[in-house]
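At position 98 of the sequence shown (counting the first as 1) the number is 98 in full-length UniProt numbering, and the numbers step up by one without a gap.
Fair warning: there could be bad hints in the mix.
Pairs of lysine to aspartate or glutamate, DMTMM-like flavour, derived with a Cα cap of 20 angstroms [to be verified]:
#1 Lys121 to Asp59
#2 Lys82 to Glu107
#3 Lys121 to Asp100
#4 Lys30 to Asp11
#5 Lys33 to Asp23
Quick caveat, the hints were computed from the structure, so don't treat them as lab data.
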Amino acid sequence: MSEPTPLTSSDPCPCGSGAPYGDCCDPIIKGVKTAETAEQLMRSRYTGHVVHAYQYLHDTYAETAGTPLVEEEYGNDITWTKLEVHSHTPNVRPGVSLVDFSAHYEERGQAGVMHEKSEFKQVDGQWLFIRPLREGPAPVVAAPKVGRNDPCPCGSGKKYKKCCGA
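Let the sequences and hints guide you as you build the complete structure.
Encoded structure:
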């Protein structure tokens, strides 16, 4: 079982926001303030995994909020190492937002990445994690196709057909 990452309030927040932990996710996890956006909730939930704040994770998941915590449900063998937020789409429907992210981790010495697009809903002024909409690798964005007479993307100044397209 991995130990939680010990953090002080002046340490950089694990969520990657650049703010100190004590000004970022710590007050949200401790219930001193609430997340103002779905992205802020998602970042605080990631940090909750880092610091093993399982009660917070339980309370901010719509399916389990208001039920007793079963700590075995959480992956204690995982060390979370980095969070990347790809996009935050607020108000796809009233009170519903989407966050697309990748969470990097290490499990039993093996590095991994969990990519997910998640749905969040605001209920009585509090954001809750509803469900993952997509899990798996980040979507591939296709580069525009280079025409034979276009300048070569390698930067040589030649036409594509006379350079890399030959």
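Structure-based check of all given hints:
1. Lys121 to Asp59: Roughly 14 angstroms between the alpha carbons, so the hint for Lys121 and Asp59 holds.
2. Lys82 to Glu107: holds, 13 angstroms
3. Lys121 to Asp100: Holds, because 15 angstroms separates the two Cα atoms, which is no more than 20 angstroms.
4. Lys30 to Asp11: holds, 16 angstroms
5. Lys33 to Asp23: Answer holds: Lys33 to Asp23 is near 10 angstroms, not above 20 angstroms.
Against the hints set out earlier in the document, no violation occurs for any number.
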